[in-house]
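Asker: Chain by chain, the residues:
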Amino acid sequence: MTTPPGDEMAIASNDDVVRVRQVVRAAAAAAGLSLVDQTKIVTAASELARNTFIYGGGGSVRVERAVSERGRAGVRIVFTDEGPGIPDVDQALTEGWTSGSGLGLGLSGARRLSDEFTLETQVGKGTTVTVTKWTR
Amino acid sequence: MERVPILKIGEVLLVSIQIDLQDQTVLALQEDLADRIVRTGARGVIIDITAVDIVDSFIGRMFATIASMSRLMDAETVVVGMRPAVAITLVELGLSLGGVRTALNLEMGMRLLGAGVPGAGGAPARANGSGGGAGGRSGAAGPR
Numbered sequence: 001m002t003t004p005p006g007d008e009m010a011i012a013s014n015d016d017v018v019r020v021r022q023v024v025r026a027a028a029a030a031a032g033l034s035l036v037d038q039t040k041i042v043t044a045a046s047e048l049a050r051n052t053f054i055y056g057g058g059g060s061v062r063v064e065r066a067v068s069e070r071g072r073a074g075v076r077i078v079f080t081d082e083g084p085g086i087p088d089v090d091q092a093l094t095e096g097w098t099s100g101s102g103l104g105l106g107l108s109g110a111r112r113l114s115d116e117f118t119l120e121t122q123v124g125k126g127t128t129v130t131v132t133k134w135t136r
Numbered sequence: 001m002e003r004v005p006i007l008k009i010g011e012v013l014l015v016s017i018q019i020d021l022q023d024q025t026v027l028a029l030q031e032d033l034a035d036r037i038v039r040t041g042a043r044g045v046i047i048d049i050t051a052v053d054i055v056d057s058f059i060g061r062m063f064a065t066i067a068s069m070s071r072l073m074d075a076e077t078v079v080v081g082m083r084p085a086v087a088i089t090l091v092e093l094g095l096s097l098g099g100v101r102t103a104l105n106l107e108m109g110m111r112l113l114g115a116g117v118p119g120a121g122g123a124p125a126r127a128n129g130s131g132g133g134a135g136g137r138s139g140a141a142g143p144r
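Line by line, the protein sequences give chains S and H. All the letters of the first sequence, read from the start, carry residue numbers 1 to 136 under our numbering. All the letters of the second sequence, read from the start, carry residue numbers 1 to 144 under our numbering.
Just so you know, the hints here were simulated from the structure itself, not pulled from any lab data. Any given hint might turn out to be false.
What the hints assert, rightly or not - Chain S side only, calculated, beta carbon under 7 angstroms to chain H, not exhaustive: (1) LEU35; (2) THR43; (3) ALA66; (4) SER68.
We treat Cβ as the ideally placed atom computed from N, Cα and C, and that holds for glycine.
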């Protein structure tokens, strides 16, 4: 239940991470999310965009308007990379666990900040993370 | 890459973030600040985030890093002007920044550092208690 197909953009640099925040902010405001909810989903998107760039070796993001089954408006963001994938998803979602130099808050924090969170990953193939935030 | 300017007001370094921070800018700011603290002998650092509309884990970690780093060089850091939505989001993200001092605005931050704005209430000299630190500083820092 998604309208209309959103813009797809590449995540290939630190500047792109900043652009993702701006695009998500605009989409969240247009969907009618409160200021706090806009801030939460932009922050989640910033974490996930950085993950896509650093751990996924770059990738792309699609930002789209969404409508829930109960008719609520929202914004959905899909991050895709063709990087190494995540061997142990439970571990990756554990707060404080990091495979790199981060704080280990990226995935777990993004999950807490969104209303819906799905993660599909295949080792050697890549990772797709989808987050959605609905208006209240 | 843009750089964030660092202003000096008396013994305080003021960083007012007015741009969308990308990670390289954040790292450059940490290094620039460390350098300026040593060169100026600043006793305090104020990071003004009034204009910052999101703080993610990378930016949040910068505050903690700058606070620890400046403390090692005998300067106190205060983050001022955090927006309510940013504070709510940071806590939910899992980053409570326990080691970072904050103030609601620039004026209160200056007062916290003992560098109050003239005419804006008491401006006591910097709280004493830096005996050891002050000794080490005189050798390392340039004239101030």
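Asker: Hint by hint, note whether the structure agrees.
Answerer: Structure-based check of each hint:
1. LEU35: OK, holds: LEU35/S within 7 angstroms of chain H, min 5 angstroms.
2. THR43: Because about 5 angstroms separates THR43/S from the closest Cβ in chain H, which is inside the 7 angstroms limit, the hint holds.
3. ALA66: violated (21 angstroms)
4. SER68: violated (21 angstroms)
When each numbered hint is compared with the structure, violations occur for hints 3 and 4.
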